[in-house]
Amino acid sequence: MKNLFLFITFIFAGLGAYDAKAEELTTEGIAFFEKSIRPLFSKHCYKCHSSSKSENKGGLVLDSQSGWMDGGDSGPAVIPGKITESILIEAIEQKDSDFAMPPKYKLSPSEIDNLKKWVRIGAPDPRDGTPVKAATSTINIAEGRKFWSFKPAESSTLPDVKDEDWVNDPIDRYILDKQASKKLIPAADADRATLIRRVSYDVVGLPPTPEEIRDFVNDPATVQVALKKVVNGLLDSKHFGERWGRHWLDIVRYGESVGRTRNYPFPFAWKYRDYVIDSFNNDKPYNQFVIEQLAGDLLESKDNRQSDEQHIATGFLAMGSMDLNERDKEKFQLDVIDDQIDVTGRAFMALTTGCARCHDHKFDPIPTTDYYAMAGIFKSTDTLSGYGNRQGGGNKLNRNTLISLRDKQDAPESSKPVKPSKPSAREVKLHDQVAKLKKEARSLTDRLQNFRKAANSKQKKVSANEPKKFNPQQTQQRIKQIRNQVKRLEKQLGNLTNERSNGVTNSGNLAMGARDAQNISNCKVRIRGDVDNRGAEVPRGVPQVLTSKQPKLPPKSSGRLEFAKWITEPSHSLTSRVMVNRVWHHLFGKGIVRTVDNFGHSGERPSHPKLLDHLALRFTGEMNWSIKDLIRTIVMSHSYRLASQHSENNYAIDPDNEFFWRANVRRLEAEALRDAMMSVAGTLNLDPAKGSLVQKLKAGEVGKNGGLQSLKSFTHRSVYLPIVRNYVPEFLQIFDFAESSSVIGRRDITTVSTQALFLLNDRFVIEQSNATAKRLLSDERLENQEERIAGAYLLAFGRTPSGAELSQFRKYIDEAKKNGQAAEVAFSGFIQALFASAEFRYAL
Amino acid sequence: MKNHPTNFTRRDALSMTSCGFGYLALKGLLSSDLQAAGFSNPLSEKSSHFQSKAKRVIFMFMQGGPSHLETFDHKPELEKSGGKKVSGKAMLAPIYKFNPHGKSGLMISEIYPHLAKHADELCLLNGMHTTSPAHPQAAIALHTGSQNFVRPSMGAWITYGLGTVNQNLPGFVTINPLGRLGGAQNYGSAFLPASYQGTKINVGNSMANIKNENLSDPDQRRQIDLVQSMNRGMLERVGKNSEIEGVIQSYELAYRMQSAVPTVMNLKKENQKTREMYGLENKETNNFGTQCLMARRLAESGVRYIQITHNGWDQHNGLSTKLKKNAVATDQPIAALITDLKDRGMLKDTLLVWGGEFGRTPEGQNKDGRRHNNRGYSMWMSGGGVKGGIRYGATDPLGDTAVNDKMHTHDLHATILHLMGLDHTKLTYRYAGRDFRLTDVYGEVAQKIIA
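Protein chains in written order, with the working numbering: chain R, 24 to 867; chain F, 129 to 579.
If we strip away everything but chain R, and leave its shape as in the complex, we get (with noise of 0.2 angstroms):
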């Protein structure tokens, strides 16, 4: 063996400096390498590092050429030619016990030889094939940028159609062509009493009253004009807002308590869900709305109101679910920044960049860089929820970590601008000032830490750099004596902070929100999102697919504005293709794109690419970003008046109803049905719920605290619902309500017997009948059994009862009294029935 060794060195040592090109490989290259080192490769170092494992230990392979070039999370593996750069070599000469390679023993010395020889000569390998990995980006952003959903929208010639007399917008134009080249006829017109339930359902989210329907039904102008008065008498009503603010909660993951390991209420969120609720009913344009949630505090504003009004908007950024138990201070703000990361590219942009945290994206041209660039803006924010990362039991909500707000209820409106303030000259001096002493304390703790180490090993010479005076007493003292100092210093500074950013400390007027940090900051990527594994330092910044030219951002803000800017601006239509997308899925009940918080490559195509672009156009262009207006007009469109009758023709076409030829069948979401439900039995409060039952739970964990009291006797609207995480109200989760912690752009419908059940048997349910049939029972207008029977009718389903339908509950309603139930509970049996068919719980 060792004779051979030395006739390998002998025929080597004469190949001299060396040229790393694959193509120069020479045979006698390749013959050492088949000889000593691939047999080295495959006994030692296959078992992890190869790319037919579905793990490669740290994402290094070693059967192929490019394997080791490209390196594994450390980088390439071997320098060709450089010895002490590879640090395949470091690995196996096992300096360092933390980068040992093998890991569970030692190669042989001429086995090391051979690989340092191998190295030296220029790591000559005849192998090729791709490697399975993707550690390095890989990813080309030029291509990247020819997707349909990263090119900006295009307007197109409006399409020919047959029947001109069908369109009544341009909208109808695209429906009508798609249907037409698949050879699909429209349905027929949906009859006004269907309408006016769906479109109030849609526009409002309560049922039609008997004299809505009444009026519609009864007007003698066309379908269109009295329509349009219909929708605009449910835009201009507050429950508008009620309706959308509920579609929009769900899409930022609203939710008032932390959730997960520590679930402590947020009682300041519902500030949130009423900013939602009115920024919707004054129609905001959505490009405001979008940037006041993501950089609100960073906004000019024309008064106190207004100002708090765009502060309670950044509760956007800090009302995501939390591991309040996480030790790790830095793993804590990198959880939260990842809930950030998510649901701004999820809600607005239906882009999934959180998928980029630990490697590139897998289907999106979204490297990892372009996650750490994002994650450095909110980086350089403070996120506040009240609550941080204190281990154990005292996690107090901190007024702190919360944001005053200016303007007190009953303090006469200040009409002074206010504008967002920078650090104080005092600030940043005590900001440096703890940077400073941190540093000491920290070497300071690490001195001493090896100083006892060495002391434990008991080595005579405590160390060959410590000088030795080295004085443990003191250095503990002195320790300490900074951590005191930090922690004055701190709270001076959080009280400097907190006044600058919030104006009033001491009043309770609080909300939830987002202001810039003292230290700006970019991010540095976390290789395989391991907090501790740190990589290259990212510049802030957004998605590169998205951008040829980065926003600017100023170094001393964290550039949320300008990225919430870059957010709504045309250069890409993602913003609006998205918004536009996401009310055609709930006026639909399905999106153009099905996958409405995923327009990237693993979402779904659009069905009617051109009518997305033409609408996101119109939002952006004429409509000048109003969602009403939106709501308005694909409301006006014939499309979306069709019946929801089944066509055999057109079902043997197109069975999933991709094309629109009718309407949905869609089932009423929780809050509406619970809220339809109560206003058919009159017990309804419409006026909007004020602050929220969260506000009233003890301090302390959910569940731990006693819980919520019983929501009974609550009678507002569903929006106003507590929204407390894993205890979420009853009704709500049976009928697939929206999981809290998540962006959710499209519930679930699922039809299970729990449900069922629910209607059957549930006492709320059975409380809501007995309060139906008492308000019919005792209503002197309606004279007899058949009238009350239509009433019930026109209350739950918007018209009333054909001659066999009646007949059909007269008889329930005598055999039940026959069967000695008193008429009141005869009555509510038949009311009851009406709440569970299929007909209440769904619009046709």
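There's no promise every hint is true.
Straight-line Cα separation of at most 25 angstroms, DSS-like style, residue types lysine-lysine; simulated pairs [unchecked claim]:
| hint | chain 1 | residue 1 | chain 2 | residue 2 |
| --- | --- | --- | --- | --- |
| 1 | F | K534 | R | K70 |
| 2 | F | K212 | R | K476 |
| 3 | R | K70 | R | K118 |
| 4 | R | K547 | R | K354 |
| 5 | F | K411 | F | K452 |
| 6 | R | K70 | F | K554 |
Keep in mind that the hints were calculated from the coordinates and are not lab data.
Got chain R; can you put chain F on it based on the hints?
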């Protein structure tokens, strides 16, 4: 208070008959017709990825971090080191004695005299470890595989993967779950469809909404018939519609559940001998005994995944009192469950899993307590395709850190799925643009324990 107005007139009510529809009852639709019509029941039984022995899981969650050093991890070294300092920490000798049991001679603590009789059925997992030493994180990770994000629980994944056998009962039932430490998240379905979430049942109470307080059974049947006739009328008007068909089916299921659930929950059907065996007649064992017996009845009736919970295993002190009390409360019931399943020929296809979120340190605390230990602890499995009478994995001689055949929570999940015939790398669900797994990117199946 402003109410929705009700002032419509009689004329209004009656003048709109033109909007009404004719009523035409459809003949009763059978569920097989519904399947044919394109309505698919998310809970219908599905085939596994490969053949497996276990058909169902009973997970006995011992909340708090039971001390492995006093229960299932015999450490003679620690006995010797009691009272001594090891790397600056005062060791506490195990409070209880261990004795060999069964043919296998498995060492089991004296506080489990009943369970010890089943030593040859137990597969002790002595090399467990997990990421977090804090209760909430570790408990959530044990249930959902993730402590950082809201993810579906193991029961939801398994029900998603395999569906359930008895359509008259929920597929995933959790008895007496905790309200804290993640609460409903621990049996939630997160991004999986809601039909896979666990149904909560409390001892003494049946399922929510399973009984109507107002109507007699025949009266309610008449009411349901009325509902169904309206539903069929609607289906007739709309034409083909799988959702309305689903509603019709859900009522028939609900009605059957109303009789099936109370029947399966009715422990009075059990004879006195069985009740005594489970300890239902003793105050100490009644609660957990009831849970165990309910679990057996649910398992027998075809429920896929059953969790029962016993809490209070967080012995920072009181290993000599509270731990003993916990053992007494659970020992006889668990032993009875094993005996009972065996007698019914069900142990071979029922996987029992016992354990808490972590274990405890060899170092003592507060006289007779121990600290949290996520580096090394024990769980055990029995039945359903695992080898009996073996110790798999080990901690170091003092019982501090898992050293051999280590099994992380992710590995536990991978192994449980494997035993159920599911490949943990293939059981995925696409959400937010990517495929999710119970084990994320981790998990190795402990092949050595598979019979």
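We went through each hint and held it up to the structure:
no.: 1; hint: K534(F) - K70(R); verdict: 19 angstroms, holds
no.: 2; hint: K212(F) - K476(R); verdict: 21 angstroms, holds
no.: 3; hint: K70(R) - K118(R); verdict: 22 angstroms, holds
no.: 4; hint: K547(R) - K354(R); verdict: 13 angstroms, holds
no.: 5; hint: K411(F) - K452(F); verdict: 15 angstroms, holds
no.: 6; hint: K70(R) - K554(F); verdict: 22 angstroms, holds
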